[in-house]
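Q: Chains as they are written, first to last, in our numbering: chain A, 752 to 966; chain B, 752 to 966; chain C, 752 to 966; chain D, 752 to 966.
Read the hints as simulated data drawn from the structure, not as lab findings.
Predicted, not measured: the structure shown is a model, and the values here were computed from it.
Treat the hints with care, since some could be wrong.
As the list makes no split between identical chains, a pair holds if one copy fits it or if it spans any two.
Below, a list of computed lysine to aspartate or glutamate pairs in the EDC-like style, where the Cα atoms sit at most 20 Å apart [stated by the list, open to error]:
1) 951 / 937
2) 843 / 878
3) 951 / 917
4) 951 / 823
5) 843 / 954
6) 951 / 855
7) 951 / 812
8) 951 / 915
9) 951 / 764
10) 951 / 780
11) 951 / 770
12) 951 / 774
13) 951 / 905
So you can see what is in the structure, the chains are spelled out below.
Protein chains: 4
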Amino acid sequence: MFILVNLKTYPCDPVAVAEAVRDVDESTDVARVAVAPQATHLERVAETGAETWAQHVDPIDYGSNTGHTLAETVADAGAVGTLINHSERRLKLADVDGAVEAADRAGLETVVCANNPAQIGAAAALEPDAVAVEPPELIGTGTPVSQADPEIVEGAVAAAANVDSDVSVLCGAGISTGDDVVAAGELGSEGVLLASGVAKADDPTAALSDLVDPL
Amino acid sequence: MFILVNLKTYPCDPVAVAEAVRDVDESTDVARVAVAPQATHLERVAETGAETWAQHVDPIDYGSNTGHTLAETVADAGAVGTLINHSERRLKLADVDGAVEAADRAGLETVVCANNPAQIGAAAALEPDAVAVEPPELIGTGTPVSQADPEIVEGAVAAAANVDSDVSVLCGAGISTGDDVVAAGELGSEGVLLASGVAKADDPTAALSDLVDPL
Amino acid sequence: MFILVNLKTYPCDPVAVAEAVRDVDESTDVARVAVAPQATHLERVAETGAETWAQHVDPIDYGSNTGHTLAETVADAGAVGTLINHSERRLKLADVDGAVEAADRAGLETVVCANNPAQIGAAAALEPDAVAVEPPELIGTGTPVSQADPEIVEGAVAAAANVDSDVSVLCGAGISTGDDVVAAGELGSEGVLLASGVAKADDPTAALSDLVDPL
Amino acid sequence: MFILVNLKTYPCDPVAVAEAVRDVDESTDVARVAVAPQATHLERVAETGAETWAQHVDPIDYGSNTGHTLAETVADAGAVGTLINHSERRLKLADVDGAVEAADRAGLETVVCANNPAQIGAAAALEPDAVAVEPPELIGTGTPVSQADPEIVEGAVAAAANVDSDVSVLCGAGISTGDDVVAAGELGSEGVLLASGVAKADDPTAALSDLVDPL
Numbered sequence: 752m753f754i755l756v757n758l759k760t761y762p763c764d765p766v767a768v769a770e771a772v773r774d775v776d777e778s779t780d781v782a783r784v785a786v787a788p789q790a791t792h793l794e795r796v797a798e799t800g801a802e803t804w805a806q807h808v809d810p811i812d813y814g815s816n817t818g819h820t821l822a823e824t825v826a827d828a829g830a831v832g833t834l835i836n837h838s839e840r841r842l843k844l845a846d847v848d849g850a851v852e853a854a855d856r857a858g859l860e861t862v863v864c865a866n867n868p869a870q871i872g873a874a875a876a877l878e879p880d881a882v883a884v885e886p887p888e889l890i891g892t893g894t895p896v897s898q899a900d901p902e903i904v905e906g907a908v909a910a911a912a913n914v915d916s917d918v919s920v921l922c923g924a925g926i927s928t929g930d931d932v933v934a935a936g937e938l939g940s941e942g943v944l945l946a947s948g949v950a951k952a953d954d955p956t957a958a959l960s961d962l963v964d965p966l
Numbered sequence: 752m753f754i755l756v757n758l759k760t761y762p763c764d765p766v767a768v769a770e771a772v773r774d775v776d777e778s779t780d781v782a783r784v785a786v787a788p789q790a791t792h793l794e795r796v797a798e799t800g801a802e803t804w805a806q807h808v809d810p811i812d813y814g815s816n817t818g819h820t821l822a823e824t825v826a827d828a829g830a831v832g833t834l835i836n837h838s839e840r841r842l843k844l845a846d847v848d849g850a851v852e853a854a855d856r857a858g859l860e861t862v863v864c865a866n867n868p869a870q871i872g873a874a875a876a877l878e879p880d881a882v883a884v885e886p887p888e889l890i891g892t893g894t895p896v897s898q899a900d901p902e903i904v905e906g907a908v909a910a911a912a913n914v915d916s917d918v919s920v921l922c923g924a925g926i927s928t929g930d931d932v933v934a935a936g937e938l939g940s941e942g943v944l945l946a947s948g949v950a951k952a953d954d955p956t957a958a959l960s961d962l963v964d965p966l
Numbered sequence: 752m753f754i755l756v757n758l759k760t761y762p763c764d765p766v767a768v769a770e771a772v773r774d775v776d777e778s779t780d781v782a783r784v785a786v787a788p789q790a791t792h793l794e795r796v797a798e799t800g801a802e803t804w805a806q807h808v809d810p811i812d813y814g815s816n817t818g819h820t821l822a823e824t825v826a827d828a829g830a831v832g833t834l835i836n837h838s839e840r841r842l843k844l845a846d847v848d849g850a851v852e853a854a855d856r857a858g859l860e861t862v863v864c865a866n867n868p869a870q871i872g873a874a875a876a877l878e879p880d881a882v883a884v885e886p887p888e889l890i891g892t893g894t895p896v897s898q899a900d901p902e903i904v905e906g907a908v909a910a911a912a913n914v915d916s917d918v919s920v921l922c923g924a925g926i927s928t929g930d931d932v933v934a935a936g937e938l939g940s941e942g943v944l945l946a947s948g949v950a951k952a953d954d955p956t957a958a959l960s961d962l963v964d965p966l
Numbered sequence: 752m753f754i755l756v757n758l759k760t761y762p763c764d765p766v767a768v769a770e771a772v773r774d775v776d777e778s779t780d781v782a783r784v785a786v787a788p789q790a791t792h793l794e795r796v797a798e799t800g801a802e803t804w805a806q807h808v809d810p811i812d813y814g815s816n817t818g819h820t821l822a823e824t825v826a827d828a829g830a831v832g833t834l835i836n837h838s839e840r841r842l843k844l845a846d847v848d849g850a851v852e853a854a855d856r857a858g859l860e861t862v863v864c865a866n867n868p869a870q871i872g873a874a875a876a877l878e879p880d881a882v883a884v885e886p887p888e889l890i891g892t893g894t895p896v897s898q899a900d901p902e903i904v905e906g907a908v909a910a911a912a913n914v915d916s917d918v919s920v921l922c923g924a925g926i927s928t929g930d931d932v933v934a935a936g937e938l939g940s941e942g943v944l945l946a947s948g949v950a951k952a953d954d955p956t957a958a959l960s961d962l963v964d965p966l
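I would like the entire structure built from these sequences, with the hints used as guidance.
A: Written out as structure tokens, the structure is:
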């Protein structure tokens, strides 16, 4: 299972979480664990040795793009992948396409987020490495999508497979325990997006270990 | 072939163009001809008897949506279909999905526009009635997409078929003659989007007749 | 006092409300009453003789603007004014400026909406005919801004006067009774924006008469 | 004069430019020179000792804001100020207001950009530390705004003074020589925004020295 810890703009210490991510990733063979800090923290987080992802890249190239996030800059900072179209950073359809292209050009792995199976099919058609289904209404609730809405995960897996069987499916929203991760896997998900459960934990290493333990 | 004349915000007489659309549509068995006026003109255009389409609907329901276009209002005005995500009115991926749903709810036929085959596949995954590929760089050039970039039309047809074989493919950009329409059909397109060639013609009926004639 | 009834995308009969607006407007010397229907309803509403406003215009000119609202089209349909930047249809700063210019060009009166006194000052600097302060958190609550947050109305009046003393100030959010309208006037407001209280009333004429009565 | 070098997403070495900015700033009493790198480069640039600015901050607080730029993060990275509403990163009016508030909260100095005197007045009403007028059509042309359109700079100075005399006015677009900077000052501008002229120079220190020399 791929476990991606999204730090959003939480008031956490990104380096401390990154070190926990790195340590748990190195301690297990059953999960690949990565962290997505804010753009400003990418370099420091990558220096920890943790697998580092961006939270967003813009559909742009080098040039006159004040205030935007360039895929090449993110990659040079040490990121190996990027989220695109997270529900907190939704993009126009043409810009999701452009952002996937920009990330590919910079050698970044891509996970395009979407709300439901129809949009997951659409996201898969843009040929990212993976898609992630996150029902917005469950984000931050503590109620895992795998329990509250298992059909949406299965539907997302089917929708992506119908369009492009090479695209992996992740899921997110409300996942906080290892059992949630196991349940997500049983529904066909190859990974999960996590946020507050780890980012806000007093002991991120313990929180991550608990998540990985039942795998 | 389906021929949809998009009046954009051109300074044309929408009723005169609509009457031409109606007359040519009634005079031929080989084409279905419709017109997409501005929202403010929908009622008057529909009253001509021409098949009337909206240029856009928003992903909303009845309620507190000042300044938005409600699918039900468009349908009540006499429209039978709507464009969604035209390159001049691009939407977020989640909102393309929401607009298709809103249009379905109101009984409107849907054509989702996109720029290239990858986005056409994405659009098709949202289950509209049709998708339309329009390379933005050719819009308004007079150089037909079927001639300038035939691969993009064939690619769009293949991309849509891969995702959902029930979704028709239209194409647009630069189409101004009957030969262009024929060429579009030969590439697998089931219709075309037209704009200035008819909307700005001195004699819209003659312009449309010329388009339909070689079919 | 200027009373503008915003029909949003409510499931009301726009012509029936417009007739009530017209009748109450004609029956009183102490208020000017107008109605802002959806773009698709502008022509039919204007035909009632009611003073008709648009809910939104785009910062565009005639041309290739599929799915946009052109100020000239709105004016030709019989509208005499337009809201701009309503909290349900917020625009970029440059586009508020462009929309005011477009409305001026088409001879439309302009009311630019904003959330707080600072933004009201900003809106006034763009030289609309009026600005309207509507705290988003009070919209639709039934708690009038004049009662819940009188300082915001007084602050808006002061902010607009500091920038351009020719710009009138309206207020909105939660206004449903004649006493609310009187209170708004006492705080320096020259008008009010109303919505559900009239649009959803069983008897819009009675609802409007009650509003005007205490003036 | 304040000289702010905006690195946009240019393919330059941000640290090398920052060192030039620092050195020239330290070598002169007549100018204050600062640099605005991409968010990902803020920490490394600030470590050079150069005065560091962000290119953008979002109107957000700590929390669930994936892919956004938090003012506090920017400040913690060593930035002392931020551009807001650059013409390449235009914001909604309410979000310009929110971004100024967010920057104030984090102790960042603020420069709100706008296209013309009317928008400069609007920007000034939001109480930033400064506003910057940059006619979009001149950006990147090499034709300085002070020469191509001196009225726009004088108009901006007057518009800002009318609203809030505490707000400084900068100008930008096409400035590449020391004479351009002098001319901007003579029109009432207290600083300039620069980009490619320094960021893409073979010798940024020489380019900056030439700019500062005639002051």
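Q: Hint by hint, say whether it matches the structure.
A: Against the structure, the hints:
Within a single copy, residue 951 and residue 937 get their C-alpha atoms no closer than 27 Å, and across copies no closer than 49 Å, so neither meets the 20 Å cut-off. Taking the shortest Cα distances, residue 843 and residue 878 sit within 20 Å of each other both inside one copy (16 Å) and across copies (18 Å). Taking the closest pair of Cα atoms, residue 951 and residue 917 never come within 20 Å of each other, the shortest separation being 34 Å inside a single copy and 41 Å across copies. In this homomeric assembly, residue 951 and residue 823 come within 20 Å of each other (Cα to Cα) only across copies, at 18 Å, whereas the closest approach inside a single copy is 30 Å.
For the homomeric pair residue 843 and residue 954, neither the shortest alpha-carbon distance inside one copy (38 Å) nor that between copies (37 Å) is at most 20 Å. For the homomeric pair residue 951 and residue 855, neither the shortest alpha-carbon distance inside one copy (31 Å) nor that between copies (26 Å) is at most 20 Å. In the homo-oligomer, the alpha carbons of residue 951 and residue 812 lie at most 20 Å apart only across protomers (16 Å), although the nearest pairing inside one protomer, at 34 Å, exceeds that limit. Proximity of residue 951 to residue 915 under the C-alpha cut-off of 20 Å is found in neither arrangement, the shortest distances being 36 Å within a copy and 42 Å between copies.
In the homo-oligomer, the alpha carbons of residue 951 and residue 764 lie at most 20 Å apart inside one protomer (9 Å), although the nearest pairing across protomers, at 35 Å, exceeds that limit. In the homo-oligomer, the alpha carbons of residue 951 and residue 780 never lie at most 20 Å apart, since the shortest distance is 25 Å inside one protomer and 47 Å across protomers. Proximity of residue 951 and residue 770 under a CA criterion of 20 Å is satisfied intra-copy only: 14 Å inside one chain copy versus 37 Å between copies. Proximity of residue 951 and residue 774 under a CA criterion of 20 Å is satisfied intra-copy only: 17 Å inside one chain copy versus 41 Å between copies.
With identical chains, the CA atoms of residue 951 and residue 905 are never at most 20 Å apart, being 29 Å at best within one copy and 42 Å at best between copies.
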